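Chain A is fixed; fit chain B onto it per the hints.
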Amino acid sequence: MVKMDTKSVPLENKNKIEKMENETQSVVAVCLGTGGIAAGGDKVFRKFEDEIKKLGLDAAVGKRVCKTAKTGCRGLCARDVLVDVTIPGQEALTYEKVTVDMVPQIIDEHLIKNTPVNKWLAKEDYHKFYDSQQRLVLANSGIIDPENIDEYIARGGYAALKKVLETMTQQDVIQEIKKSGLRGRGGGGFPTGEKWASGAKYSADEKFIICNADEGDPGAFMDRSLMESDPHAVLEGMIIGGYAIEATSGYIYIRAEYPLAVKRLRYAIQQAKERKFLGKNILNSHYSLDIFIKEGAGAFVCGESTALQYSIEGKRGMPRTRPPQSVEAGLWDKPTVLNNVETFANVSIIINRGADWYSKIGTEKSKGTKIFSLTGRIKNPGLIEVPMGATIRQIVFDMGGGIPRKKRFKAVQIGGPSGGCLPESLLDSPIDYESLLGLGAMMGSGSFVVVDETTCMVDMARFFMNFCANESCGKCPPCRIGTTLMLDILIRITQGLGEEKDLEVLEQMSDEMKTMSLCGLGQSAPNPVKSTLRYFKDEYIAHIRDKICPTATCVALHRYEVVPEKCTKCQACIRNCPVKAISGSTKEVAFIDKEKCIKCNLCYEKCNFMAIK
Amino acid sequence: MSEQSTNNETVDLSKIEKVLEKYKDTRGALIPILQKAQAEYGFLPEPVIDHIAQSVNMSADEIIGVATFYAQFHLKPRGHHIVKVCCGTACHVKNAKALSSKVREKLKIDVNETTEDKLFTFEEVSCLGACGIAPVVMIDEDVHGEVSPDKLNDVLDNYKKSGA
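Here the protein sequences line up with chains A and B, keeping their order.
The numbering of the first sequence is my numbering, which starts it at 1 and goes up by one.
The numbering of the second sequence is my numbering, which starts it at 1 and goes up by one.
If we strip away everything but chain A, and leave its shape as in the complex, we get:
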């Protein structure tokens, strides 16, 4: 593949590839994902460039643009800016939390004298974070420059497309995907091969393949990351899917909040066209496909497939009843197949390595790997990829490094506003589509938010219900009215105004919304409430009966008292109190003067020992 293409590679790039392969040059790769940039990555990058130029060193500063835009490189943006330094013939070493001031020393000691600056190198937990993962879909992320198609090709990119176009019929492709067991990564888990098969069944003058990149779940950023760090993998999967269903054009519907992903995808589309992987008569196969980018305009419900299609048509993005299914009458009433970003990114892996190989990964019914965005109260927040069937414990403790500040794990919220909160007792549950559903959560798009003992579960339920009430499109009453009424009840409970019968009403409304709502948003909106009621009912009862928030999160229920046996006399609260209402010393536990206290909650936030309630 690479050989075939080098003819059309501009000389400059060709040299670069050869140099990469020959490893004759030292390479400094700076993470320039959104996380990296937010941490000052571009400044570090420029500093390296300037210094190296000034010293006339023979080293290329590579843009190792790490996959993740806002969360940055290699999935571990909390350690940004990450910088890889590779000396020819040696393994790459990674520096973490690099600042501009550190650049000269790294150049002097590592690049020139070949003695790495050990104190700034990434520590053991950084490596543990990666070693326990299985990175298939993220294999290129953080390694290649996403704005350079040659780097993608050099790592086997577009070989799957070539194989498909040269040796496989549409049915072959569909069979292979069916056999692999790949299921939709956007949340529902519908078998991708089945979807393609039904899409292929309908013939029409126009057919569409759509990539759903409207990643809206709060706490999820896998798709953004993938598009930013490996856009060609998404395109390649989409083109193969387009071929399988004989699509005439494709759309990528992406959130406008992801400017870097939009930019890199546009760039990738342009490059793919130049190389004839996209456009008319792809690789002389007589198959033609054009892909367009449509930027969303900020509506969570547009992640629903029919709403998304209306939005592309320029209308209000409100879901409709089904049937007809999109495969029969979707975008502009033409047959349409819609898949998620991560689903498409899996396709070329399956084609390249075979369905048999792929289906060995994962569990009986959930094949392959899944990317999760691990966030919340966790030491190493970031992006991780694990085989289906990995346990919650592995993710939280092995990769995530556990809970910071000596706090205790309380729950993990999986699947965003459609998902649920799972407690400590379920830490050893395997993660796959079926078992999550059984536990009252949902794969969702893959948000994985860890909460510790300081998080109130009633407030968490309120948070998600507030989100759904805001995002409900208003078309069907069960969702529009249901979310609002449930939110009212939850707000009352968090303000200490709850009544015993509220819990029963919440349960009942949850069931009603689930059965009567028009689309997935309304059907799954009660999930966070249901799962917290199932696993953390005692917290609801404490709020209602005792008018206490056990975690002291709900401000209306705070008493602002110091728990003497927990207070370590560290005086953090005293230093932070804006009205000097707290007294105490190294010998004396803190005391809050209620006359002076303005209930700003700062003392509670600053206390590392849960000593204020």
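Quick caveat, the hints were computed from the structure, so don't treat them as lab data.
Every clue listed holds true.
List time: in silico EDC-like cross-link candidates among lysine to aspartate or glutamate, alpha-carbon distance up to 20 Å:
#1 K276/A with E166/A
#2 K43/A with E141/B
#3 K315/A with D25/B
#4 K97/B with E605/A
#5 K263/A with D142/B
#6 K43/A with E146/B
#7 K53/A with D101/A
#8 K599/A with E105/B
#9 K599/A with D150/B
Keep in mind the model is a prediction, meaning the values are calculated, not measured.
Below, chain B alone, put in the same frame as chain A:
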């Protein structure tokens, strides 16, 4: 263009002509047209909506129906800098509330309001997808990660200093 007035006289409609021309033959182009128009004017003034309506052969009501459906579109003028406090799950559990309070206190405006000097508009948004560096505040196109109320104070001061 005057920001106070949305009269026909004060809105320069020629700025969107090119956009309308570009999308003339594109199906379902309304949303991209509105996005480009808003990028041009900062919000969607009434005369602009009327003008787009004529050009795409829809009623202004239909267009307003679409514009008000999506969070991105604004029918009123906004500040020079848009301060977006992320209230996604990860930010929520890392106390994004304190950041919102800070903005309220510092800029003396509530959510979806604009300061009198038209320098800042304050918005709360659900998930900017930067959860790894939560809590996050986005000012215009710049993402500020791991923000504390004190850090936010300094960041806002910097924007104030550099003005419009």
